[in-house]
Amino acid sequence: MIGHVTGNMAFMMWPSTKDCQSIEPVVVAVAGVAGSGKSTLGRALATALRAPLLDLDSLTNPLLNCLPAEIFGGHWLASPHSAAVRAGRYAALCAVTRDTVAAVGRAVLVAPFTAELRGGADWDRLRAAAGAGLRIVHIDGDADLFAARRARRSADRDRHRAALPPAPPPAIPVLAVDGALGTDQQLRRVLAEIAPSRQMHIEADGSGVHRPNLA
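According to numbering that gives the first Met the number 0, the stretch in the sequence shown is residues 0 to 214, in order.
If you're looking for bench data, these hints aren't it; they were derived computationally from the structure. Mixed in with the good hints there might be a few duds.
[As the list claims (entries may be wrong)] Computed Cβ-Cβ distance ranges for the label pairs, DEER-style: (1) Arg187 / Leu66: 38 to 44 Å; (2) Leu62 / Arg117: 24 to 30 Å; (3) Gly104 / Asp143: 20 to 26 Å; (4) Gln184 / Arg49: 17 to 23 Å; (5) Ala147 / Glu69: 30 to 36 Å; (6) Ala191 / Leu66: 41 to 47 Å; (7) Gln184 / Ala86: 30 to 36 Å; (8) Thr46 / Ala120: 31 to 37 Å; (9) Leu174 / Ala114: 17 to 23 Å.
Note that the Cβ used here is the ideal one computed from N, Cα and C, for glycine as well.
Make a model of the complete structure from these sequences and hints.
As structure tokens, then:
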């Protein structure tokens, strides 16, 4: 610690450590349909990477749920204005992502990213917000498994969610993860792929959460 006095003001400064300077930018987006387990994996990744977690539902649902249904012509998930609602939700996610990455250099995003997986303008907007190093983790798996999970959780939003046809394969580079795997297995697979160029060790801290050694 270094002390410095200027006039009547005293400042205490701590020299930067190598650990603080060596953290590399990491931005990961976890994509998947409802019930795929993307929020669970996203939370585990954010904890392991010590990165802010930006979940589309957490960022946008509280506001949308507080607004009168009459504004949307029904529940906002099934609204005639659903395209505009979606555009606004993802614009909010991109705006927060841009600020977060600029401030701390890392983030874990969680959303279906259905349109973004097809490439095009939606993908371009996400990549512009997250940076060129963005990695997409796509949780894929059996539709019946995901439907069963949605039924078990009995979330109100699932009652208003329109059934979607099977999505085509992603048109952008993704890291595919089997939705039937446990979270710990998924986490190890993802960390092995997105680790920075320096060696990354995964250590168990006794709580069941695996953290990479960023030193």
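Hints, one by one, checked against the model:
no., hint, result
1, Arg187 / Leu66: 38 to 44 Å, "holds (41 Å)"
2, Leu62 / Arg117: 24 to 30 Å, "holds (27 Å)"
3, Gly104 / Asp143: 20 to 26 Å, "violated (40 Å)"
4, Gln184 / Arg49: 17 to 23 Å, "holds (21 Å)"
5, Ala147 / Glu69: 30 to 36 Å, "holds (34 Å)"
6, Ala191 / Leu66: 41 to 47 Å, "holds (42 Å)"
7, Gln184 / Ala86: 30 to 36 Å, "holds (35 Å)"
8, Thr46 / Ala120: 31 to 37 Å, "holds (32 Å)"
9, Leu174 / Ala114: 17 to 23 Å, "holds (19 Å)"
The structure fails to meet hint 3 from the earlier list, while all remaining hints are met.
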